[in-house]
Amino acid sequence: MTSPLLDVKNLRVSFPTHRGRVEVVKGISFTLGRERLGIVGESGSGKSMTGRSILKLIRRPGLVTADRLGFEGIDILAQSEKQMRAIRGARISMVMQDPKFSLNPVMTVGEQIAEALVTHRRLGRREVRRRILDMLAAVRINDPERVAGLYPHEVSGGMGQRVMIAMMLIPEPDVLIADEPTSALDVSVQAQVLDIIDALVTGKGMGLILISHDLNLVSRYCDRILVMNAGRVVEECAAGELDKARHPYTRGLLAAMPTIDESRDELPVLDRTQWAGT
Amino acid sequence: MNAIDLGNLDVSYGDTRVVHGVTLAIAEGESFALVGESGSGKSTILRAIAGLAPDWTGTIAVMGAARSHAVDRAVSRQVQMVFQDPYGSLHPRKTIDSALSEPLAIHGIGNRGERVEAMLKAVGLDQRFRFRFPHQLSGGQRQRVAIARALMLEPKVLLLDEPTSALDVSVQAEILNLLKRLRREQGLTYLLVTHNLPVVSFLCDRLAVMRHGRIVEIAEVAQLKRGALREPYSRELLAATGGG
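In order, the protein sequences belong to chains A and B.
Once you know that position 226 of the first sequence is 226 in our numbering, the rest is easy, because the numbers rise by one and skip nothing.
Once you know that position 30 of the second sequence is 308 in our numbering, the rest is easy, because the numbers rise by one and skip nothing.
Some clues are possibly wrong.
[Said to hold, decoys possible] In silico DMTMM-like links for lysine to aspartate or glutamate, alpha-carbon gap of 25 Å or less: (1) B:K458 x A:E262; (2) A:K100 x A:E42; (3) B:K458 x A:D214; (4) B:K458 x A:D98; (5) B:K503 x A:D261; (6) B:K503 x A:D143.
Simulated from the structure, these hints should not be mistaken for laboratory data.
Since the structure is predicted, the reported quantities are computational estimates derived from the model, not experimental observations.
Assemble the whole structure, with the sequences as input and the hints as a guide.
Written out as C-alpha cells, the structure reads:
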C-alpha cells in the first residue's frame, strides 16, 4: 500500500475548566489511506473534536497536541493560519451537520459554491459557471441552472446538504471529513445523500472520514470503523466484522439498538461503571 | 371504548392545510405509531389532540369525550404530551420540583410533595434531583423529567413526539425500556410519532404510515417485522431504514 494520506499518532485535545484541563481526546492514533473510515461514538466521545483537530479548527483555549499529525508529509500542527487556509477546503474539506446553520443565508447557492472554488483557483467566469453546474448535477440536483440562483432558505434540508457537499467537493480535495452529515435529515433522504458522498469519494479515489453516532449507518458506508468512548478508541475493526466486535462498549451499543424485527421484551442497557469515563 | 377517536380531521396552520381527512381509532391500552418523513403532518395530529393546534375541523375524542377547540382541562387530565427535545421542553429557571408540581397546582390537586416523590421514583430518578435545575441534568435524565411531568395528572393517554430521537443510542434504550414499563404498570395508551421504524417494532402494536398529510397505510407491527407492508411508499420507508 502507498503511504497514507493522514497519519495521526497520539492525538490529544484538551480544554481548560475551573478544575484544571480536561482531555476530551486522550491519545488516539490512526491512519487514513484512500479509503472510507468511520468514527463512531456517543455524545462527548471526542469524535467531532478528532475531525476538527485534523483541520486545525480548534481555537484557543483548546489545545491540540500529537506525536504526529501528518497530511501527505505536511506537519499540520506546524502550519501557520495562512498555510492552513491553503489546505482547508482545497485539500481537506469538511461537511457539517446542519445545512441550515452552515450555509450563508444572504448568498445564493451558486455564489457560495463559486466562492469555494475561486478562493483556491484562478478561473474565468464562464469556466466557474460551467463547473458549478456540473458539480450540482453531480450531487443529483435536477435543475442546476435554477438551483444555483436560489437562496439557502428556498431549498429543502436534503438539497441544502447536497449543496454543501457540492461546495466541499468542487475544489477536488484529497480528504473529505463528514461530521454527522445526515443526522439533520429525514431517513428517506439520508440514504440518498450518503450514496452521493459514497459515489463521489469512491469515484475520485479520495479518503473519507465519516463521523456519526449511528453504528449501522457507518457500517454500511465505510471500510473500516473506529469506535470511540470517552476520548479513546476502544475498538477498531473492518466494517463487515462489526458483529464480531469484542469490546464490551461496542457490544453494548449494538445490543442497545432496537431492530426492525424486534422481539426482546427489554433492551439491554449499558453498564457505565464497567469502563472508565462517564 | 376507544382511547382516541379522530374523525375526518383536517388541521391548518394559517392558510396551509397540513393534515387532510385523517380518521383513526386507537383502542384503550394500545400503543400506536405514526411514521413518515418531516412535513407529513404526524406531529401536527398530536398537537391538535393536545390542543396546541387549534385550527382544525372534524372530530377529536379522547376516552369517549369529544374535545372542544378551547383549552380543555378535562381533556388535559386524560391526555398529556412528551416533546422531542428535552433541552427545549423544560423551563430553564424552574427546578424539577416546581416543573412537576405545576400541573397539580393548576388542577387544584393536593398532596404535591408526596406525588412528586413518587413520580420521580416511578421514572427512575433519584430524589436528589428533585431540587435541581434542568441544566444540571443529562439529556436522558431530562427526558425522564419530561415523562414524569406528563404523568403527574395520571392521564390515560400519552402523546409521544419523537421522544428518543435527540438522545444517544444507549440512553434511548433506557427511555424505551422506561416507556414500556410505565405502559405495562399504569395501563397507558400511547400515540407515538417517530421516523425510527425499529423503535416502532419495540414499543408499538400498530402503525400508520403518513405522507403529505394523509394516512397511506395502517398496519400491524407484525407486518412491519416481516417486511410485509403493502403500499409502495411504506416499503420505500422501510428500505431506507435498512430493513425489508
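Quick one, are K100 (chain A) and E42 (chain A) close enough, alpha carbons at most 25 Å?
-> 23 Å, holds
Could you grab the alpha-carbon distance between K458 (chain B) and E262 (chain A) and see if it respects the 25 Å cut-off? Roughly 14 Å between the alpha carbons, so the hint for K458 (chain B) and E262 (chain A) holds.
Review point. Do the alpha carbons of K458 (chain B) and D98 (chain A) lie within 25 Å of each other, as the hint requires?
Key: 32 Å, violated
- Message: For a C-alpha distance cap of 25 Å, please report whether K458 (chain B) and D214 (chain A) respect it.
- Response: 23 Å, holds
Notebook entry, point to check: For the pair supplied as a hint, K503 (chain B) and D143 (chain A), is the alpha-carbon distance within the 25 Å limit?
Noted result: 38 Å, violated
Review point. Is the straight-line distance between the alpha-carbon of K503 (chain B) and that of D261 (chain A) 25 Å or less?
Key: Cα-Cα ~4 Å, so holds.
Of the numbered hints listed earlier, those contradicted by the structure are 4 and 6.
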